[in-house]
Amino acid sequence: MNWRRYFWPVVGIAAVIFSLFLLWHELRGISLDDVWAGIVAIPARGWVLAALSSVIAYAALAGYDHIALLHIGKKVSWLFVTLCSFTTYALSHNIGGSVFSGAVIRYRAYGTRGLTGQDVGILVAICWITFVLSTILVSGLVLVFEPEIIDRFSGAPHHGLATAAGLVMLVLVAAYVFGSWLHLRPLKIGSFQIHYPALPIVARQVLIGPIELLAAAAIIFFALPASGNPGYFVVLGVFLVSFSIAQISHAPGGLGVFEVVFLTGLSDMDPVGVLAALLVFRLFYLIIPLLIALGVVLFFEHSQYSRGEG
109 MNWRRYFWPV VGIAAVIFSL FLLWHELRGI SLDDVWAGIV AIPARGWVLA ALSSVIAYAA
169 LAGYDHIALL HIGKKVSWLF VTLCSFTTYA LSHNIGGSVF SGAVIRYRAY GTRGLTGQDV
229 GILVAICWIT FVLSTILVSG LVLVFEPEII DRFSGAPHHG LATAAGLVML VLVAAYVFGS
289 WLHLRPLKIG SFQIHYPALP IVARQVLIGP IELLAAAAII FFALPASGNP GYFVVLGVFL
349 VSFSIAQISH APGGLGVFEV VFLTGLSDMD PVGVLAALLV FRLFYLIIPL LIALGVVLFF
409 EHSQYSRGEG
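For the sequence shown, the working numbering gives the first residue as 109, with consecutive numbering after it.
Honestly, the hints are just simulated from the structure, not real lab data. Honestly, I wouldn't trust all of these hints.
Unchecked claim - Derived CB-CB ranges, DEER-like:
(1) His410 - Ala306: 31 to 41 Å
(2) Val279 - Tyr413: 49 to 59 Å
(3) Leu178 - Gly336: 19 to 29 Å
(4) Phe286 - Gly263: 36 to 46 Å
Cβ coordinates follow ideal geometry from the N, Cα and C atoms, glycine included.
From just these sequences and the hints, can you work out the full model?
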């Protein structure tokens, strides 16, 4: 039905409008000069480490595609996979609906390397599983070792519940690994089927997957002011909550949603410093990669057109 085509975009736009209203209400006493002062106050070391963290994050995202291709047994050049993964995530992070938009971009790119629609479907599924598995693993560790993180959003202590939830998450990850060891049967949906990843693949998912989340959170951590900084582990926990809610909202680039949740999680810090760090995150994790990705897409399409002409 036609309405389904517009449902999630409408939800995403509504989330952006509502979140921007909340953000305006939260920051109504802050001027642009204050924000600029916060950005200027970030030391050169913070800028360098934030930029380096962004490079590491996207390198880890490229590992998602390499893992998926290894699983389906397809060989594609390392450079092509890295550029395809970078472009996919740089565009989908800004567009929103990363699973669906990423599938379209990958199908266009990997189709030129001989992968079928089913191959690309399995690749997207493995990448999505790697992301979810990594989020569950890192979130579980944060809740177990820093259960106070839940207080920043609930307003009341629920340390026991947070620890229990963290342990459940870690058990789920262990169950996933155990399932690989048992060689479970493939999941079938009609003619589409996805085989359970082998242990070497799962090991790569568990090791490489979390690096992206750790590095993405580090972008903000290094840009935050030292005064009142709660430490990397807390920033990581707030980032996981903010990023997850932004993804669920389907808001393009998580615009407004990400900022509102993050400011709530670090409400004990100077909002000017937090907002400046979030702008640095958007610059290194979204804007600069988007501009580079657009250049890669134009080069790729031009090369395909030239081959067709030839």
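Comparing the hints with the structure gives:
Between His410 and Ala306 the beta carbon distance is about 39 Å. The supplied range of 31 to 41 Å therefore holds. In this structure, Val279 and Tyr413 meet the distance hint of 49 to 59 Å, their C-beta atoms being roughly 51 Å apart. Between Leu178 and Gly336 the beta carbons are some 44 Å apart, a value that contradicts the proposed interval 19 to 29 Å. Between Phe286 and Gly263 the beta carbon distance is about 37 Å. The supplied range of 36 to 46 Å therefore holds.
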